[in-house]
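Counting along the sequence shown from 1, when you hit position 672 you're at 672 in the UniProt record's numbering, and nothing is skipped either side.
Careful: at least some of the hints might be erroneous.
Listed next, the in silico SDA-like pairs over lysine to any residue satisfying Cα-Cα at most 25 Å (straight line) [said to hold, decoys possible]:
1) LYS560 to LYS804
2) LYS530 to ARG407
3) LYS705 to GLN602
4) LYS705 to ASP802
5) LYS680 to ASP790
6) LYS804 to ARG407
7) LYS272 to LEU232
8) LYS527 to ARG327
Think of the hints as simulated: they come from the structure by calculation, not from any bench.
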Amino acid sequence: MARRADPLKAYNARRDFGKTPEPAGTPGRRAGNSFVVQKHAATRLHYDFRLELDGVLKSWAVTRGPSLNPEDKRLAVRTEDHPLSYGSFEGNIPAGEYGGGTVMLWDEGTWEPVPGKDPARTLKEGHLHFTLRGKRMKGEWLLVRMKPRAGEKRENWLLRKIDDDHAAGSDDLVEKALTSIETGRSMAEIKADAPATSLKGKRDKAFTRAMTEARRSTVQAKRGKPRERGRLPAFRSPQLATLVDHVPTGAEWMHEIKFDGYRCLLAVSGEKARIYTRAGLDWSDRFAPLVEAAKTLGLPPCLIDGEIVVMDSDGNPSFSALQKALRDGGGDFVLFAFDLLELGGEDLTPLPNVARKQSLAGLLGADGSIRYADHIVGAGETLYEAMCRAGQEGIISKRVDAPYSGRRTRNWVKVKCTRRQEFVIVGWTTSSARARPFASLLLAQNRDGALVYAGKVGTGFDADTFAMLENRLRPLARKTAPVEVAASESRGAHWVTPKLVAEIAYAEFTSDNRLRHASFIGLREDKMPKDVVPETPAQIENSETVSITNADRIIFPEAKITKGALADYYRQVGGIMLPWASHRPASLVRCPQGRARQCFFQKHDSGSFGPAVRHIAIVEKSGKPGDYLYIEDVQGLLACVQMGTIEFHGWGARVEDVERPDRMVFDLDPDEAVGFEAVKTAAKDLRGHLADIGLASFPMLTGGKGIHVVVPLTGADWNAVKDFADRFARAIAALEPDRFTATMSKAKRKGRIFIDWLRNQRGSTAILPYSARARPGAPVAAPVSWKELDGITKADTFTVKDAKTLLKRAGSRDLAGWGAAAQHLPGV
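Whole structure, please, built from the sequences with the hints as guidance.
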């Protein structure tokens, strides 16, 4: 009864409000439905999850933070109720006080229980099923109390995401959402306001000061062109897909859902946004909710290609629902983004499909009204069958290494579950039924430069569709037929000027090119009548293949792996390797006689590798240009393997702008006496320090002894990145000198881990993801998630024999978006 009388008694009793800036509180109104999440670096980092109920914030400490992966069950320890005023608190609780540490306002929004459930009652019963509408946490969630153990003083619960449209990877939230939703500050910036009292606090304060100096130096070191601000990218002609009758096979193809909606280009720059149709019409007013949503994303100047849909009651894209939303002047539009043509003033269209998708993944999440549309590499038939079973339109298959072309090509192909095409409406026939304004529509398509009759459609209409079409057709009435039609087909026909385009589903065409069993789907206002032509399935062209000579030569003697097997590995993983390897100055480790013989680095090429390997002139330290090599596609990878290449190392910048790196790499290189468990712990510690200053990072097994901590970047030059990496590494080494060193000296490295920051300078390279290593057993460098790193026992876990496993892993929830984050160095 005491808890009911004063639910905040425990909260107030544990705090000295003369010392802590936390608000004292009394219960508030009982009708609210707010929620808040506060990132709290106390004795241990955790996330305080709070739901407003009965005038207070019901609270749980989620030790590892919320996960978007439905398979994860995160421990959530029930804590005392908090006042509603605590929902806006961000700052520092003094050391020695209850909960002492830094608090960030990490998420906020509203919540509601699932229909038919009384949350006050189910909370007492030990379960709470609810929907969140926050800035970061969205969709359905579940809190379930664990069975109490003897002697437990607190309630242990489990927090789990329900599998819905907002589900994603385990690390997608806590590893990428690193700043306050209220102030935009990182944990380090919030902490910098706190006084240092303990020895640990002073050491932490020293690290904060070092990183503050690094930020200042970064600003001073910034060179070159400033980030473009304000310019809204112009419309470009979108790439179109060619209809084929079967799913292309092989790892050189990536596959996406074919969304049943309107194609669009979204131009964004900060708080400016426009939406264009595929024909270049500005439909920003018709899709106003999406335009407003785009303005809130804080995106740099970019041009995004995608499809706008409206979901039906089953959660599937519905063209009919989209038509109704447009007709009624609004709706729950969703834009699925699948390509990125421009970013920050840079033209991305020459990059491979998968590289553009990787950049796009860094800009958008998998939820909200503007979402990243994922893809799979290989296994297209499985996706196609799943889409057809679900009653969807089909899939789009794209060559992983193809550039973007503003026309119809066979690098993009579409495979439909049902036959559907566009037709021009040229007339209608009278209906004998009083409720129907017409019996059927007369249709045509453009053939050989002229409009040709194609048959009728008499089904697929409901009352609203009849009314809409009647209103649209009446002003277009004309006396003469716009096409030649046989008398038997035109009896009772009323003709219209051919200005409306309809999408029609059908069983087949007859021998005289007439539709059979046609059904009306909807009008296509985004397509022009002159562009409506028949679609006939085309043949998929096989790409040219580099010939691998001496394919049976043993390259890895201890693993009995041949040159041909190595080429097959790169052919299979090319689609997931290209985002990192393509259009990037490269250094190769060539071992023409095998890894056990003489190997050497090569970064220049005068043309001996053949036409599949490209060249770029880069001015070197000497002031003279060097002819550097780079690859664009899988054929380039194979051409290098043909020349004896095992390893691929790459610059931190692409050839389009070699002076502006797009990543920062910290190579954790352990002394021989340091075990891999210590390296894993070090990587996670670096992740924490980087997160504290607002930078997301990703781990990669090097295939050797260590781990790379990869930090994607935009907007900095080599001077800034090198200086920041140097200062960051030295600050970590100064913080824990017994564990780390930031100098190359072998003597200084004894018993320690070298934080190799030197790869972050112009001309230096790092091993590329999925590259093989010239080491015993043919290991490969492999991206991993922070979640799975705990269970990995060595840096050379994966080998060239694991191509299928690596492909499957790359499409998993936890690795989706690996290495992608739109972020800048602090202060840049």
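Against the structure, the hints:
1. A threshold of 25 Å between alpha carbons decides the hint, and for LYS560 with LYS804 the separation of about 19 Å falls inside it, so the pair holds.
2. Restraint check for LYS530 and ARG407: the C-alpha separation of about 16 Å stays at or below 25 Å, so the hint holds.
3. About 23 Å separates the Cα atoms of LYS705 and GLN602, which keeps this hinted pair within 25 Å; it holds.
4. Note on LYS705 and ASP802: the hinted pairing holds, with a Cα-Cα distance of about 19 Å set against a maximum of 25 Å.
5. At roughly 8 Å between alpha-carbon atoms, LYS680 and ASP790 fall within 25 Å of each other, so this suggested pair holds.
6. The hinted pair formed by LYS804 and ARG407 fails the criterion: a straight-line CA distance of about 33 Å is larger than 25 Å.
7. The straight-line distance between the Cα atoms of LYS272 and LEU232 is roughly 7 Å, inside the 25 Å bound, and the hint therefore holds.
8. About 16 Å separates the Cα atoms of LYS527 and ARG327, which keeps this hinted pair within 25 Å; it holds.
Checked against the numbered hints given earlier, this structure breaks only hint 6.
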